[in-house]
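S.K.: Sequence:
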Amino acid sequence: MTEKNFPKDAMRVLKETSRTFYIPITFLDKEIKHTVASAYLVMRAIDEIEDHEEIDNDLKYDLLMQVSDLLKKTI
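When the letters of the sequence shown are read in order and numbered with this note's numbering, they come out as residues 862 to 936.
Just so you know, the hints here were simulated from the structure itself, not pulled from any lab data. We put the beta carbon where it would ideally sit given N, CA and C, even for glycine.
Simulated DEER-style distance windows between Cβ atoms:
no.: 1; residue 1: N866; residue 2: Q927; range: 21 to 27 Å
no.: 2; residue 1: D930; residue 2: K891; range: 28 to 34 Å
no.: 3; residue 1: D908; residue 2: F888; range: 21 to 27 Å
no.: 4; residue 1: F888; residue 2: Q927; range: 31 to 37 Å
no.: 5; residue 1: D890; residue 2: I910; range: 26 to 32 Å
no.: 6; residue 1: I893; residue 2: E914; range: 30 to 36 Å
no.: 7; residue 1: D917; residue 2: P885; range: 33 to 39 Å
no.: 8; residue 1: A906; residue 2: I884; range: 18 to 24 Å
Distance condition first, Cα-Cα at most 27 Å in a straight line; then the derived DSS-like pairs of lysine-lysine:
no.: 9; residue 1: K934; residue 2: K869
no.: 10; residue 1: K876; residue 2: K894
no.: 11; residue 1: K921; residue 2: K876
no.: 12; residue 1: K894; residue 2: K933
no.: 13; residue 1: K894; residue 2: K934
no.: 14; residue 1: K934; residue 2: K891
no.: 15; residue 1: K894; residue 2: K869
no.: 16; residue 1: K933; residue 2: K921
no.: 17; residue 1: K869; residue 2: K933
no.: 18; residue 1: K869; residue 2: K891
no.: 19; residue 1: K891; residue 2: K933
no.: 20; residue 1: K891; residue 2: K876
no.: 21; residue 1: K934; residue 2: K921
Work out the full structure: start from the sequences and follow the hints.
M.R.: Below you can see the structure in the form of structure tokens.
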């Protein structure tokens, strides 16, 4: 996924992971659509880490802390 293709790729992933959330997002203005889609996908990824049954809790903690650090750097 390149930065140029990000909006298109993000919307494709969103459609594959949550059709019920994808449909309303498509009605938003372009700028807010990309923001909302990105936020949803980040939260979805965090939820996937937390809910994963095969990942050890210590590894989950490490992964979630890394995500937290990355999010803090980009704000």
